[in-house]
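Protein chains in written order, with our numbering: chain Z, 114 to 518; chain W, 114 to 518.
Worth flagging that the hints you see were computed from the coordinates, not collected in a lab.
From a predicted model like this one, the values you see are computed outputs, not experimental measurements.
Among the hints, erroneous ones may be present.
Computed footprint of chain Z on chain W; a stretch qualifies when at least three of its residues, placed anywhere within it, have a C-beta under 8 Å from a C-beta of chain Z [claimed, not checked]:
1) 371 to 379
2) 463 to 472
Sample of chain Z residues with no beta-carbon within 10 Å of chain W, all distances over it, derived [what the hints assert, rightly or not]:
3) 115
4) 140
5) 142
6) 183
7) 197
8) 233
9) 249
10) 250
11) 276
12) 298
13) 316
14) 341
15) 365
16) 465
17) 513
Even glycine gets a Cβ: it sits at the ideal position worked out from N, Cα and C.
2 protein chains.
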Amino acid sequence: MSVGLTVPDHVHAIDGVRLSVAAAGVRYRGRDDVALIEIVPEATVGAVFTQNKFCAAPVLVAQQHLQQSSPKYLIVNAGNANAGTGTSGIEAALQVCRCVAKEAGASIEQVLPFSTGVIGEALDTEKICTNVPALIQGLSADNWIAAAHAIMTTDTIAKACSSQFNLAGKKVSLTGIVKGSGMIRPNMATMLAFVATDLELDSEAIQEILAAATEQSFNSITVDGDTSTNDACVLMATGASGVKYSDLAAAEQQQYVNELTGLMQQLAQAIVRDGEGVSKFVSIRVRDTATPAQAKSVAFSVANSPLVKTALAASDPNWGRIMAAVGYAQDDALDMTNVSLSINDVLIWHQGALAPDYSESAGKAAMAPEEICIEISLGLGTVEKTVWTTDLTHEYVRINAEYRT
Amino acid sequence: MSVGLTVPDHVHAIDGVRLSVAAAGVRYRGRDDVALIEIVPEATVGAVFTQNKFCAAPVLVAQQHLQQSSPKYLIVNAGNANAGTGTSGIEAALQVCRCVAKEAGASIEQVLPFSTGVIGEALDTEKICTNVPALIQGLSADNWIAAAHAIMTTDTIAKACSSQFNLAGKKVSLTGIVKGSGMIRPNMATMLAFVATDLELDSEAIQEILAAATEQSFNSITVDGDTSTNDACVLMATGASGVKYSDLAAAEQQQYVNELTGLMQQLAQAIVRDGEGVSKFVSIRVRDTATPAQAKSVAFSVANSPLVKTALAASDPNWGRIMAAVGYAQDDALDMTNVSLSINDVLIWHQGALAPDYSESAGKAAMAPEEICIEISLGLGTVEKTVWTTDLTHEYVRINAEYRT
Chain Z
114 MSVGLTVPDH VHAIDGVRLS VAAAGVRYRG RDDVALIEIV PEATVGAVFT
164 QNKFCAAPVL VAQQHLQQSS PKYLIVNAGN ANAGTGTSGI EAALQVCRCV
214 AKEAGASIEQ VLPFSTGVIG EALDTEKICT NVPALIQGLS ADNWIAAAHA
264 IMTTDTIAKA CSSQFNLAGK KVSLTGIVKG SGMIRPNMAT MLAFVATDLE
314 LDSEAIQEIL AAATEQSFNS ITVDGDTSTN DACVLMATGA SGVKYSDLAA
364 AEQQQYVNEL TGLMQQLAQA IVRDGEGVSK FVSIRVRDTA TPAQAKSVAF
414 SVANSPLVKT ALAASDPNWG RIMAAVGYAQ DDALDMTNVS LSINDVLIWH
464 QGALAPDYSE SAGKAAMAPE EICIEISLGL GTVEKTVWTT DLTHEYVRIN
514 AEYRT
Chain W
114 MSVGLTVPDH VHAIDGVRLS VAAAGVRYRG RDDVALIEIV PEATVGAVFT
164 QNKFCAAPVL VAQQHLQQSS PKYLIVNAGN ANAGTGTSGI EAALQVCRCV
214 AKEAGASIEQ VLPFSTGVIG EALDTEKICT NVPALIQGLS ADNWIAAAHA
264 IMTTDTIAKA CSSQFNLAGK KVSLTGIVKG SGMIRPNMAT MLAFVATDLE
314 LDSEAIQEIL AAATEQSFNS ITVDGDTSTN DACVLMATGA SGVKYSDLAA
364 AEQQQYVNEL TGLMQQLAQA IVRDGEGVSK FVSIRVRDTA TPAQAKSVAF
414 SVANSPLVKT ALAASDPNWG RIMAAVGYAQ DDALDMTNVS LSINDVLIWH
464 QGALAPDYSE SAGKAAMAPE EICIEISLGL GTVEKTVWTT DLTHEYVRIN
514 AEYRT
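If we strip away everything but chain Z, and leave its shape as in the complex, we get (with noise of 0.2 Å):
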């Protein structure tokens, strides 16, 4: 069901993080479900987190530990997200960090907790925490594709994505791994996105590139409108690779914010690709407009609209419902005649008149492949900013009716 996807056969890995997987049984039968990551105590940690006032009990957990401590172990389940579930769940994430902390010798303030899956029930720590020791035996460099497997939920195919560069004569790399497919409008940061990195980053810098390149990739994206509870990403820098961020030159610095940017937009991409009931990979260009936010909120408006999302999923070049949906963005300065629109470089609406080559089966012949662009000027400066979502299936309704999250 995912467009213009496959696994990748191989990923880098990253000196200085170990993973390994466990079937514990949390939610599902006969597959991994927990994944537990290890970081070398020198590396520097960023996370970001959902901006949903109702968040996780994991979230909250993560997010007070890593005021108190560095981390070095991540554990994560899928199949229950410990999401509305009171002082017993803040209770629950707390227990399998002490397992972790236990068995490994680590503070329980070095443990991060992560769950993704049924909102509303209370997690099983015994199913994970009987699991911990095999876990940490299991520890190995090369288990990246491993753990994009064990926190599926929905997904249908596991997502990563890897890359290596050469920064200050010395090769870098960059590898991460992502969740995700319904509940997504991340705000901030997205469901689960783990990245690890050997560039040595200080713990000012880390959190500031995060999330600029978050901005740029997992809030840059949208299936369904819907913020989820348990969104998180985080970014691991060992270190290992000898290059230093603060000694590389700016120029330097911008490239590697570039990979890092290049590499979470592929894996925000992925989750769309694999969003519920896709059919349409699609990405919404907003440009010629006076601020990022101004793109941004036209951009959105056409990506949630459930007009918009059906029209793509009959591949119906139904130019109205776009144009309806750029004028009902919260925009004052919006002024229509300057608008253009295009589908697949078909050009269709031009400074407030239809597009004079335009004819429906042109339309028609831009809306049949599965990856669309739509392009949207909007005359008013010279910004420009791109989100990605998908079409609205019937898929997406019986996923949804039948699937309690």
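Put chain W on the given structure of chain Z with help from the hints.
Below, chain W without anything else, positioned relative to chain Z:
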């Protein structure tokens, strides 16, 4: 497909208002699709229109004519929205007004045009204009229900409401019709609504009262979060009852405003009850808020959540999705530990935890009926606000994948 709606046997005629209908074949065959409404010259008229910047030609023309003159005729067609039609669309709307003005001996500015239906196709004015002589001949005070039928598009049932009450010892009447089923998230107005009264209202008061009642009715509903290009709501006051609003005591003025608001809420709810693919009629009542804006923001966050809407379609008491949608409402004052949630009077969530008495079976029973009331208390103040919405069904996706707006 509608929930709890029937066509009324009878509505009160409004002295000073006459209506007629015709089958012009604008898009549909074998049914009326044009309505003409005539108002006596001494009547006052208030109107509110869509805030969508991509608004339709008839909206622009009607707004201009209202500034220039006092309306005597309203001409409405279904099947073609005359939206996204540029300057030739403006000319088409003016042409329809011109036909009516000529035949009726009025000025063009005394005619207001309204259109609803497909976006982006040229309006064939000839089909409408040839029917104008018969429309004028057919004018009658008893044609409200026929007019409600003539303005339907994807509506499955004609929608009309009427009330009669005493003010200052005299009988006063209110009658209204409305159309709308999809592309429904009115902003300052709704799809097409025409309401008439025999009260005497000056032109300042009529606009003020209409705006306030619209906020409590059409601006408090959503089907799919999509604000239409053609929304309009018109209130006509003929004065034929002999009762003058400005002569009424404050309590009587308030009584009238309550009657009008109540009737407009019934009309607004009728749109939701006939929402595209609807299987549930859902009231979302947000209580104990600090401001109306806060209540509205939380209510619409829940009302437009695809995950909440698909759970409603499945009669699944998935309270986690409702709480998640409350949590991502953009409101810094929100404190989830104060929030309570009930569905059809079953208390689910109370002060930061699942209610002790709540059971899944009680939740399932609460979600079973066709009419659902979701009640959310924020514990932040004394204001409350209710919005009305639908579920999201396979049928919504089918209708909007197949139907060209």
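For residue 365 of chain Z, is the shortest CB-to-CB distance to chain W above 10 Å, so the non-interface label stands?
Since the minimum Cβ distance to chain W is about 38 Å, residue 365 of chain Z lies beyond 10 Å and the statement holds.
Please settle this one: residue 183 of chain Z was flagged as non-interface, so is its CB more than 10 Å from every CB on chain W?
holds (29 Å)
Verdict on chain Z covering the segment 371 to 379 of chain W, criterion of 3 CB contacts below 8 Å
violated (count 0)
Verify that the Cβ of residue 341 of chain Z lies farther than 10 Å from every Cβ atom of chain W, and report whether the claim holds or is violated.
Violated: least Cβ distance 7 Å, not greater than 10 Å.
Beyond 10 Å from chain W, beta-carbon-wise, is residue 142 of chain Z?
At roughly 21 Å from the nearest Cβ of chain W, residue 142 of chain Z sits farther out than 10 Å, so the non-interface label holds.
Can we trust that residue 115 of chain Z is non-interface, i.e. its beta-carbon lies farther than 10 Å from all of chain W?
Non-interface label on residue 115 of chain Z holds, nearest chain W Cβ at 19 Å vs cutoff 10 Å.
No chain W beta carbon within 10 Å of residue 249 of chain Z's
The claim stands: residue 249 of chain Z keeps its Cβ more than 10 Å from every Cβ of chain W (closest is about 32 Å).
Say whether it holds or is violated: residue 276 of chain Z keeps its Cβ farther than 10 Å from all Cβ of chain W.
Given a closest Cβ separation of 32 Å, the condition holds.
With d taken as the least Cβ-Cβ distance between residue 465 of chain Z and chain W, does d exceed 10 Å?
violated (6 Å)
Does residue 250 of chain Z clear chain W by more than 10 Å, comparing its Cβ with all Cβ atoms of that chain?
holds (35 Å)
Quick check: do three or more residues in the segment 463 to 472 of chain W have a beta carbon closer than 8 Å to a beta carbon of chain Z?
Holds: 3 residues of the segment 463 to 472 of chain W have a Cβ under 8 Å from chain Z.
Beyond 10 Å on every Cβ pair: is that true for residue 140 of chain Z relative to chain W?
holds (14 Å)
Consistency with the previously given hints fails for numbers 1, 7, 8, 12, 14, 16 and 17, ordered from lowest to highest.
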